[in-house]
Amino acid sequence: MFDGPEPIYVQIAQMIRAQVLAGELAEEEQVMSTTQFATTFRINPATAAKAFAGLVDEGVLYKRRGLGMFVAPGARERLLAEHRRRYFDEVLAPALAQAELLGIPADDVAAYVRGRRPTGTTTDSKERP
Amino acid sequence: MTTPTPFGARLEHVVVRYGTRREMVGDSTLVKREATTALDGATLTIRPGVITGLLGRNGAGKSTLVSLLAAFARPTSGTVAVGPEGAQEDPWENAWTTSNVQLVRESGDLMDDEKLSVSLDYYADLRPHWDADLAGRLLDRFEVSTRTKPGALSRGKKSAVGATIGLASRAPLTILDEVYLGMDAPTRYAFYSEVLADYAEHPRTIVLSSHLVEEVERLFEDVVILDRGGVLLAEPVEDLRARGHSLTGPAAAVAELTDGRRVLHEQRLGGTVQVTLEGALTDDERATARAAGVEVGSVPVQDLFVHLTEPRRADR
Amino acid sequence: MSAQSSVADRPAADERAALARAARRRAARSVRRYVVAAFILVGGWFWVVYALVGVAVPLLVSRAGGVMDEGISESSAGTPRWFAFVLGIILLAAALTIHVAAGGTRGAFTAGMVRGAARAGLAFGALTVAFLTGERLLYPALGHPWERQAGLGVDDPALDAVVTFAAEALSVTTYILVGAAIAAGYRRFGVWSGTVLVVPLLVPLALADLATRGGVGGLVLSNVAPLDTTAAGRVVLGLVGAVAALALAAGALHLLVRGVRLRPST
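Protein chains in written order, with numbering that gives the first Met the number 0: chain P, 0 to 128; chain Z, 0 to 315; chain V, 0 to 265.
Calculated directly from the structure, the hints in this document are not laboratory data.
Hints are not guaranteed to be accurate.
Claimed, not checked - Okay, the calculated bits of chain Z under chain V, using three or more residues with CB under 8 Å as the criterion:
#1 89 to 95
#2 119 to 125
#3 145 to 154
Being a predicted model, the structure only gives us computed values, none of them experimental.
Think of the CB as a built atom: it goes at the ideal place given N, C-alpha and C, for glycine as much as any other residue.
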C-alpha cells in the first residue's frame with residue numbers, strides 16, 4: 000500500500016478519490032478518522048491529516064464538528080467532471096502523440112475508436128462465453 | 000489527566016568522547032588519547048509533538064545522542080536543551096526534564112532479578128503521567144506476565160516490555176532506541192500500531208531509532224540521519240524523499256538526463272539503465288524524460304539512507 | 000490534526016520548579032522504600048539466622064558440658080555491619096540504572112539511599128540491643144560467663160542500651176552508604192579506578208568502628224588500647240566520631256553518584 004513515487008499523502012488522497020469515484024464511499028458516508036487511518040495503514044497521523052485536509056479543500060470531503068469527516072454531497076459528480084476534463088489532457092493526448100510518433104494516421108485512430116464503440120465487444124476475448 | 004505539552008530538544012555543537020587510553024609514543028612516554036568519539040559536533044533540533052526517526056549505521060552515535068536527552072550521560076562539550084518550546088533547559092540532574100523524558104533502551108533497564116511488577120511499579124512511582132491501564136493492556140497484548148523475572152524473558156518479550164514502558168509513561172518526550180529487537184513481525188506491527196494510536200490520542204514527541212527503515216519510515220514526520228558522529232541531515236521525511244529519484248530507461252537517454260548530477264547508484268540490465276540521482280527534477284526535466292521514454296521514479300527512504308551514509312562518501 | 004503540538008499553557012518557571020521538587024520527592028521516596036523493603040526482606044532473614052545461631056550455640060555448648068569463652072556478639076563482631084555493607088553494594092548496583100531510566104535524578108537517588116539506610120540503621124541498632132540483652136539474660140542461665148568487651152563501656156544497662164543503639168544505628172548506616180559508594184565508584188570510574196577508590200572509602204568504616212569501639216576495628220582497638228577516658232568522654236567522642244563517619248560516607252556517595260553515566264548498552 001502506498002508504494003508509488005508520489006508523496007504518501009498524495010497517494011492517500013488518490014485512494015480516497017478512487018473510492019468515491021467507484022461508489023465504494025457513498026456521499027454523506029463517514030470516512031475513517033485520521034487516527035484509524037494512521038493505525039490501519041501504519042502511517043504518521045500527520046500524513047493522513049494532510050491528505051484529508053487537501054480533500055476538504057477540493058470539496059471531496061467535509062468536516063462535521065466533533066463527528067469526523069464525511070464525503071461531500073456532489074463529490075462523485077465533481078470528481079467525474081474533473082476526471083472527464085483531464086481525460087483528454089492526460090490520457091488521450093499522450094496516446095495520440097504516441098500514434099503520431101509511430102506514424103498511425105489520425106483516421107485509423109478515429110476508425111478504431113468508432114469501430115469498437117457500437118457494442119464495445121468487437122475485440123476478441125469478451126465474446127467468448 | 001490532561002496531556003502535557005510535548006517537549007522538543009536542541010543540541011548545539013555536541014561532542015561526546017568516551018574514556019581515555021594510554022598510548023606509547025616514540026621516546027617511550029605515555030600519552031593520553033581519547034578512545035572513542037561518539038558524537039563530533041552534532042547540532043540539531045527535534046520538533047515538539049512530532050514523531051522523529053533517528054537513523055544511522057552502527058556506531059553513528061544514535062544511542063549516545065538519545066542518552067544525552069534523557070540525562071543518562073553528559074556531553075564532553077556543547078549544549079543540550081530539552082523542554083517545551085520556549086522553556087528548554089539543560090537536562091543534566093534536572094528533575095523537571097528527566098521526569099518528563101522517557102528513554103527506553105534495548106537493554107530494558109529493568110531489575111533483572113526481581114519480578115517484572117517490581118520494575119513496573121518503580122516506573123509507575125516515578126513517572127508523573129504513567130497510565131497503569133495502558134501498561135496492563137499492552138502487556139496482555141504482548142503476552143508478558145508481570146510475575147516473570149526480566150532476566151528470564153526472551154529478547155522479543157523484553158523489547159515488548161520496553162515498548163510498554165515507553166508508551167505507558169506518556170512522557171512528553173519519549174525515545175524508543177531499537178526497542179523492536181527480537182520481536183517477530185506481527186508483534187512489531189502491533190507495536191507500530193500501538194505507538195500511532197497512543198500518539199494520536201496523546202500527542203507528544205516521539206523519537207524512534209531503528210535499522211528497519213522500510214518498516215518504520217511511514218511512521219515518521221521528521222527524520223534525522225547520523226553519520227560517523229555528525230548530523231548528516233535533519234528534516235521532514237517528505238524532504239528526504241525528494242532528495243533523490245530514479246531514472247530507468249535506454250542507456251543513452253538516461254546518460255543525457257544524468258549529466259552533471261551526482262549519481263548515487265547505477266544498475267545496468269542490457270541496454271536499460273537505472274540510476275539513482277541526488278536532488279529533485281524540475282517539471283521540464285520530467286517532461287524531457289517522459290518524451291525520451293525514461294521512467295522517473297521515487298527512491299525508497301531505505302535506499303537513500305544507504306546511499307547517503309555510504310562509507311566511501313567522505314565529503315559530508 | 001492530532002499530530003500538531005497543542006499550544007497548551009506552558010508551565011511558568013515557578014510551576015516548573017514545583018513540579019521538579021515533586022519529582023525529586025517521588026524519586027527519593029521510591030529509593031527509600033526500595034532500600035527499606037530490601038532490608039526488611041533480606042535483613043529480616045539475616046537477623047532470624049543470626050538470632051538462631053546466638054541461641055543455639057550456647058545451648059549446644061552447655062548440653063555438651065562446655066563453657067563459652069565469650070558471647071556470639073563478641074566472637075562475630077561486626078557481622079551485622081558487614082552484612083549491611085554488602086547489601087549497600089547490591090542495592091546501588093540493582094537500583095541506580097532503573098532509577099535514572101525512570102527519570103529520577105542522581106541527587107534524588109542519594110537522598111533516598113541515605114534515608115533508607117538511616118531507617119535500616121535504626122532497625123539494626125534496635126536489633127543489636129535486643130540481641131545483647133538476650134545474651135546477657137541467657138548466658139548466666141546456662142552457666143556461661145558473659146562480659147562485653149566491645150562498645151563504649153557504659154555501666155548502667157539502660158544507658159548502655161541507648162548508647163549502643165545510637166552507635167550501632169550510625170555505624171550500620173555508614174556501612175550501607177560506603178557499600179553503595181564503592182558500587183558507585185565502580186560504575187563511574189570502571190574496574191581499575193573503582194578498585195583504587197575502595198581504599199579511601201574504607202576510612203569512614205574504620206572511623207565508625209574505632210569511634211564506637213564496635214565491629215572488627217573496635218575489637219582490635221579494645222584489645223590493643225584499653226578504655227581509659229571517662230565513660231562520658233568515651234560516649235561523646237564515640238558518637239561524634241560516628242556522626243563524622245556517617246557524614247563522610249554520605250558525602251562520598253553524593254560525589255560519586257552525581258557523575259555516574261549510563262553507558263550505551265552493547
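*Given as covered by chain V, does the segment 89 to 95 of chain Z meet the bar of three residues or more with CB within less than 8 Å?*
holds (count 4)
_Taking 8 Å as the Cβ threshold, is the statement that the segment 145 to 154 of chain Z is covered by chain V upheld or broken by the three-residue rule?_
violated (count 0)
*the segment 119 to 125 of chain Z covered by chain V? Criterion: 3 or more residues, Cβ-Cβ distance below 8 Å.*
holds (count 4)
Checked against the numbered hints listed earlier, the structure breaks hint 3 alone; every other hint is satisfied.
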